[in-house]
Amino acid sequence: MARTAVRGRLSWQTATVGAVVNQTPTARTLLLDVADWPGHRAGQHVDIRLTAEDGYQAERAYSIASAPGEPLAITVERLEDGEVSPYLTQESQPGDLLEVRGPIGGYFVWQPAFGGPLLLLAGGSGIVPLRAILRYRALLGSSVPTRLLYSSRRLEDVIYRDELSVRLEGLKVSYTLTRSQPAGWAGYARRVDEAMLADVAWPAADKPLAYVCGPTSFVEAAATGLVGLGYPPVRVRTERFGATGQ
Amino acid sequence: MTGFGEGKLMINIADGPTPGDAAPGDPALDDAALDDAALDGNAVGGLLIEVFGIEMTTATGVCGTCGAVSQVAELAVYLPGLGTVVRCRGCGSVLMVFVRVRGVICVDTEGLASLTPA
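Chain order of the listed sequences is P and U. Residue numbers for the first sequence follow my numbering, beginning at 1 and rising by one. Residue numbers for the second sequence follow my numbering, beginning at 1 and rising by one.
Be careful, since some hints might not be right.
Reference excerpt, derived from the structure (chain U facing chain P, CB under 7 Å, subset only) [stated by the list, open to error]: (1) 39; (2) 57; (3) 60; (4) 71; (5) 73; (6) 81; (7) 108; (8) 109.
Bear in mind the hints are in silico, worked out from the structure with no lab data behind them. The beta-carbon is built from N, C-alpha and C at its ideal position, and this holds for glycine as well.
Use the sequences and the hints to build the structure in full.
Dropping the structure here:
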């Protein structure tokens with residue numbers, strides 16, 4: 001049955017892959033050119049759909065990596081047994097076509113009116129929507145007090161490493177490397193726990209707004225830790241992804 | 001279902017369970033414990049727009065079993081398998097099931113007492 005896109009209703013659109021940038025050995029940023037992209041909010045995601053020659057389709061949700069006002073970009077971490085991420089991170093080239101639906105989501109978003117202070121907790125590629133928030137903050141010249149705690153396995157797995165090393169007013173970035181640490185590593189070296197959060201996070205009395213994104217186990221530990229520190233659950237916004245959600 | 005696409009959408013499931021029928025911690029619900037495979041409602045934002053035509057991750061859902069009130073983005077979502085299952089984080093009850101059959105999405109919202117867009 002042929003379907004006609006209803007005006008105003010979100011539907012699949014063709015995207016042309018623009019520049020691709022390898023961020024780490026397993027993560028790649030793809031700029032996506034979508035005709036009449038309506039713009040997006042910081043923290044939203046898109047669905048990506050690939051169609052094989054035999055008609056088999058696979059779709060996955062990916063966080064938008066770029067700030068509102070910037071061209072649409074996603075950053076994808078490769079999962080070895082994934083259906084979509086190996087193609088996006090290894091095979092896709094500028095000029096390739098794929099299908100995009102979005103922007104999607106109204107919960108895990110930040111806009112300046114929400115204020116701060118902001119606490120951003122990232123596990124692995126959970127940094128992606130938080131990077132969109134950070135870029136938006138920088139783009140606006142906002143100095144809303146912001147702390148980022150970013151958990152990765154190894155230093156080489158840290159996405160946006162150069163970008164995050166740029167000092168910005170009111171922004172403090174902390175890292176924890178859970179699997180291996182380079183010689184002389186001064187950051188944390190364990191999974192996020194309540195003691196680490198007590199070090200890094202704003203006191204609950206400052207009425208911070210927290211965004212937590214990462215694998216389910218990371219989000220559970222981080223969100224539980226924040227609530228243990230007195231953060232009201234409604235001030236802790238979470239976004240989980242798993243092996244299947246990539 | 002009334003008012004679809006013209007402002008407030010409210011779905012009431014008259015035959016569904018009544019809030020309070022089972023309390024969280026009810027032994028009958030222990031098997032439904034959420035596990036590490038659970039994503040959250042953000043993951044089905046696109047699917048929900050396909051079904052309802054509007055952004056639904058900020059919609060408020062009331063669990064028909066325990067009465068927990070949550071934004072859809074906060075619910076537990078299981079993607080793999082034959083369909084998509086959305087569960088209550090409070091008691092683990094199944095709130096919504098989506099199955100695609102020959103291009104048509106079949107939706108079961110029986111576990112919800114109500115679903116109201118933001």
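How the hints compare with the structure:
no. : hint : result
1   : 39   : holds (5 Å)
2   : 57   : holds (5 Å)
3   : 60   : violated (11 Å)
4   : 71   : holds (6 Å)
5   : 73   : holds (3 Å)
6   : 81   : violated (10 Å)
7   : 108  : violated (21 Å)
8   : 109  : violated (19 Å)
Checked against the numbered hints above, the structure violates hints 3, 6, 7, 8; every other hint is satisfied.
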